[in-house]
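Colleague: Each chain is listed here by its residues.
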Amino acid sequence: MSIETISLSGRKKEVSNKKMNFWESLYLVAIVKGLFITIRHLFTRKVTIKYPEQTRELSPVYRGQHMLMRDEEGRERCTACGLCALSCPAEAITMTAEERKPEEKHLYREEKYASVYEINMLRCIFCGLCEEACPKQAIYLTKSQVMVKSSGKREDFIFGKDKLVMPLDMAIKNTQTKAAN
Amino acid sequence: MDQALIIEKGIFIVAVFAITMLMAMYSTLAERKIAAWLQDRIGPNRAGKGGILQPLADGLKLFAKEEFFPNTPNKFLFVVGPAISMSMALMTSAVIPWGDRLEIFGRTVILQATDIDVALLYVFGVLSVSVYGIMIGGWASNNKFSLMSAMRASSQMISYEVAMGLSIIALLMMTGTLSLREIAAQQHGMDWNVFYQPVGFLIFLVCSFAETNRTPFDLAECEAELIGGYHTEYSSMKMGFYLFAEYASMFISSTILVVLYFGGYNYPGMDWVEANWGVNPANIIGIAVLFAKLCFFIFFYMWVRWTVPRFRYDQLMRLGWKTLIPLAIANIIITGVVILLADNA
Numbered sequence: 229m230s231i232e233t234i235s236l237s238g239r240k241k242e243v244s245n246k247k248m249n250f251w252e253s254l255y256l257v258a259i260v261k262g263l264f265i266t267i268r269h270l271f272t273r274k275v276t277i278k279y280p281e282q283t284r285e286l287s288p289v290y291r292g293q294h295m296l297m298r299d300e301e302g303r304e305r306c307t308a309c310g311l312c313a314l315s316c317p318a319e320a321i322t323m324t325a326e327e328r329k330p331e332e333k334h335l336y337r338e339e340k341y342a343s344v345y346e347i348n349m350l351r352c353i354f355c356g357l358c359e360e361a362c363p364k365q366a367i368y369l370t371k372s373q374v375m376v377k378s379s380g381k382r383e384d385f386i387f388g389k390d391k392l393v394m395p396l397d398m399a400i401k402n403t404q405t406k407a408a409n
Numbered sequence: 481m482d483q484a485l486i487i488e489k490g491i492f493i494v495a496v497f498a499i500t501m502l503m504a505m506y507s508t509l510a511e512r513k514i515a516a517w518l519q520d521r522i523g524p525n526r527a528g529k530g531g532i533l534q535p536l537a538d539g540l541k542l543f544a545k546e547e548f549f550p551n552t553p554n555k556f557l558f559v560v561g562p563a564i565s566m567s568m569a570l571m572t573s574a575v576i577p578w579g580d581r582l583e584i585f586g587r588t589v590i591l592q593a594t595d596i597d598v599a600l601l602y603v604f605g606v607l608s609v610s611v612y613g614i615m616i617g618g619w620a621s622n623n624k625f626s627l628m629s630a631m632r633a634s635s636q637m638i639s640y641e642v643a644m645g646l647s648i649i650a651l652l653m654m655t656g657t658l659s660l661r662e663i664a665a666q667q668h669g670m671d672w673n674v675f676y677q678p679v680g681f682l683i684f685l686v687c688s689f690a691e692t693n694r695t696p697f698d699l700a701e702c703e704a705e706l707i708g709g710y711h712t713e714y715s716s717m718k719m720g721f722y723l724f725a726e727y728a729s730m731f732i733s734s735t736i737l738v739v740l741y742f743g744g745y746n747y748p749g750m751d752w753v754e755a756n757w758g759v760n761p762a763n764i765i766g767i768a769v770l771f772a773k774l775c776f777f778i779f780f781y782m783w784v785r786w787t788v789p790r791f792r793y794d795q796l797m798r799l800g801w802k803t804l805i806p807l808a809i810a811n812i813i814i815t816g817v818v819i820l821l822a823d824n825a
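Heads up: the protein sequence lines correspond to chains A and B, in order.
So the mapping is simple: this note's numbering equals the position in the first sequence, first residue as 1, plus 228.
So the mapping is simple: this note's numbering equals the position in the second sequence, first residue as 1, plus 480.
For the record, the hints were derived by calculation from the structure and aren't laboratory data.
Treat each hint with caution, since some may be false.
To be verified - With a straight-line Cα cutoff of 20 Å, these simulated SDA-like cross-link-like pairs (lysine to any residue) come out:
(1) A:K261 / B:A810
(2) A:K261 / B:L685
(3) A:K274 / B:R526
(4) A:K274 / B:K513
(5) B:K541 / B:S716
(6) A:K377 / A:E338
(7) A:K278 / B:F779
(8) A:K261 / B:R790
(9) B:K513 / A:H269
(10) B:K802 / A:V257
(11) A:K377 / A:L392
(12) A:K261 / B:W783
(13) B:K529 / B:A510
(14) B:K513 / B:A495
(15) A:K261 / B:I764
(16) A:K247 / B:Q795
(17) A:K278 / B:I532
(18) A:K261 / B:F779
(19) A:K247 / B:Y793
(20) A:K333 / A:K377
(21) A:K261 / B:S716
None of the values given here were measured: they were computed from a predicted structure.
Build the full structure now, drawing on both the sequences and the hints.
Modeller: Rendered as structure tokens:
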């Protein structure tokens with residue numbers, strides 16, 4: 229088997245520079261063939277998704293907005309180890325660690341917590357490496373389809389703890405459903 | 481009596497203008513919709529129900545655009561260019577028979593603005609003037625791309641006019657008249673010219689693509705090479721006029737195609753309808769038939785546009801001079817021989 233006859237895709241075509249005869253040079257047959265190809269597309273299903281009314285079906289591994297999780301007792305899980313910030317390829321995460329005071333035991337699970345936790349949504353690429361790196365299972369990328377809101381100010385895209393931490397009532401509901409099961 | 485005729489013609493001309501404008505307007509929407517459908521998309525569907533108000537929105541947008549004048553010494557010609565394009569596209573409609581006749585208030589109204597006996601020559605005359613619209617616009621733009629495009633457009637239109645004229649000669653030998661009204665009347669019922677002149681029709685069709693500057697012959701506005709071609713420097717409604725003129729001339733040239741080769745307003749069984757239902761219903765159906773036929777050709781223009789890629793300039797010239805003209809001449813000779821034999825037999 230010579231190299232000229234190998235066709236892995238099965239669609240190999242020899243290119244020829246044969247001179248066209250008179251009928252071919254009228255392009256009529258070729259154009260009629262082409263017209264039949266295009267008219268078939270008139271009746272095929274349209275691929276457009278009418279966006280605001282319809283939304284695209286998401287992939288099972290879709291990664292959306294981040295969330296800082298709470299445990300069953302509603303305490304923040306994050307211990308501000310900084311592994312997420314270290315693993316982040318876009319360098320979008322910054323945090324400030326602080327020691328937990330005795331009266332804050334019901335707020336934070338670990339002895340150290342993040343007093344400031346910020347993700348720059350302009351830099352984030354939603355790769356999910358922070359989620360993989362986290363030893364405390366504190367940060368997750370949710371399946372939320374809500375996109376980051378547009379704005380004219382850069383500051384609006386730096387999401388602090390007010391936007392990232394899981395809402396309390398959500399944590400309570402999670403615990404309740406867990407208890408019910 | 482004379483006054484009534486003037487009023488009648490006036491109303492008719494205004495109606496024809498309005499219909500031409502409306503058709504051109506909705507051709508722009510049809511073009512975008514058909515382009516979308518042929519590419520498995522939906523197309524514009526936000527303005528109005530199913531995008532029905534899209535042409536109005538487009539027009540409004542063009543009106544709202546800045547009126548830009550390039551640094552050109554020919555400000556007057558710069559404005560004249562689009563005006564010529566537009567008026568020439570509309571002028572052709574004067575000689576087209578939109579139907580046979582209607583009987584309103586006891587008057588017989590002929591559905592044609594004017595029935596001149598050299599109608600076909602008039603059409604060709606107007607067509608050859610319309611090249612000046614592009615030529616003057618491109619020249620006055622004071623821009624090399626525009627000038628190049630104008631050169632291309634004019635040489636293309638002049639070359640294809642030769643083949644177009646020759647393809648018509650074979651038809652004229654058959655019909656023996658230049659009046660579009662008579663040509664239409666001769667194709668009574670299903671006696672359409674396309675069955676006698678298929679080659680002539682094909683040549684005429686290809687040439688009308690070239691004359692209206694539509695793909696595959698839209699070298700004049702070939703974006704990849706010439707930016708926008710002759711309308712590079714145009715903005716606002718002057719640009720709109722050029723774009724609009726293209727659609728108007730597409731409408732008119734489809735009409736001429738239908739009248740010359742596809743029987744115009746004729747349809748099978750029209751005698752029966754006229755005898756049983758009266759003159760007016762028969763002719764209203766005739767007008768509807770004419771519009772159905774020409775809508776098919778407008779669709780065909782768009783269908784071809786989204787199928788065939790643009791010709792290269794040398795291919796275009798070779799097709800025009802080396803293929804279509806010899807074919808048209810052969811067609812004339814064969815038609816002549818057949819007519820002679822038929823007359824002697």
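Colleague: Hint by hint, note whether the structure agrees.
Modeller: Results of checking the hints against the structure:
Restraint check: the Cα-Cα separation between A:K261 and B:A810 comes to about 26 Å, which exceeds 20 Å; the hinted pair is violated. Using a Cα cut-off of 20 Å, the hinted pair A:K261 and B:L685 holds, with the two alpha carbons roughly 18 Å apart. Simply put, A:K274 and B:R526 have alpha-carbon atoms about 17 Å apart, close enough for the 20 Å limit, and the pair holds. At most 20 Å may separate the alpha-carbon atoms for a hinted pair to count; A:K274 and B:K513 meet this at roughly 12 Å.
The suggested pairing of B:K541 with B:S716 holds, with an alpha-carbon distance near 8 Å, which does not exceed 20 Å. Taken as a hint, the A:K377 and A:E338 pair is broken in the structure, with Cα atoms around 33 Å apart against an allowance of 20 Å. Of the pairs offered as hints, the one joining A:K278 and B:F779 is violated, with about 25 Å between alpha carbons and a cut-off of 20 Å exceeded. Taking the CA atoms of A:K261 and B:R790, the gap is near 16 Å; set against the 20 Å cutoff, the hint holds.
The straight-line distance between the Cα atoms of B:K513 and A:H269 is roughly 13 Å, inside the 20 Å bound, and the hint therefore holds. Restraint check for B:K802 and A:V257: satisfied, since their Cα atoms lie roughly 18 Å apart, inside the 20 Å limit. This hinted pair checks out: A:K377 and A:L392 have alpha carbons roughly 14 Å apart, not beyond 20 Å. Distance restraint check for A:K261 and B:W783: the Cα-Cα separation of roughly 13 Å lies within the 20 Å cut-off, and the hinted pair is therefore satisfied.
Note on B:K529 and B:A510: the hinted pairing holds, with a Cα-Cα distance of about 14 Å set against a maximum of 20 Å. A threshold of 20 Å between alpha carbons decides the hint, and for B:K513 with B:A495 the separation of about 26 Å lies outside it, so the pair is violated. A distance of roughly 37 Å separates the Cα atoms of A:K261 and B:I764; the hinted pair therefore is violated under the 20 Å criterion. For the given pair, A:K247 sits about 14 Å from B:Q795 by alpha-carbon distance, which is consistent with the 20 Å threshold.
At roughly 17 Å between alpha-carbon atoms, A:K278 and B:I532 fall within 20 Å of each other, so this suggested pair holds. With a CA separation close to 17 Å, the supplied pair A:K261 and B:F779 stays within the 20 Å bound. A distance of roughly 19 Å separates the Cα atoms of A:K247 and B:Y793; the hinted pair therefore holds under the 20 Å criterion. Distance restraint check for A:K333 and A:K377: the Cα-Cα separation of roughly 34 Å exceeds the 20 Å cut-off, and the hinted pair is therefore not satisfied.
Proposed proximity of A:K261 and B:S716 is contradicted: the alpha carbons are some 39 Å apart, above 20 Å.
Violated hints, in rising order: 1, 6, 7, 14, 15, 20 and 21; the structure is consistent with all others.
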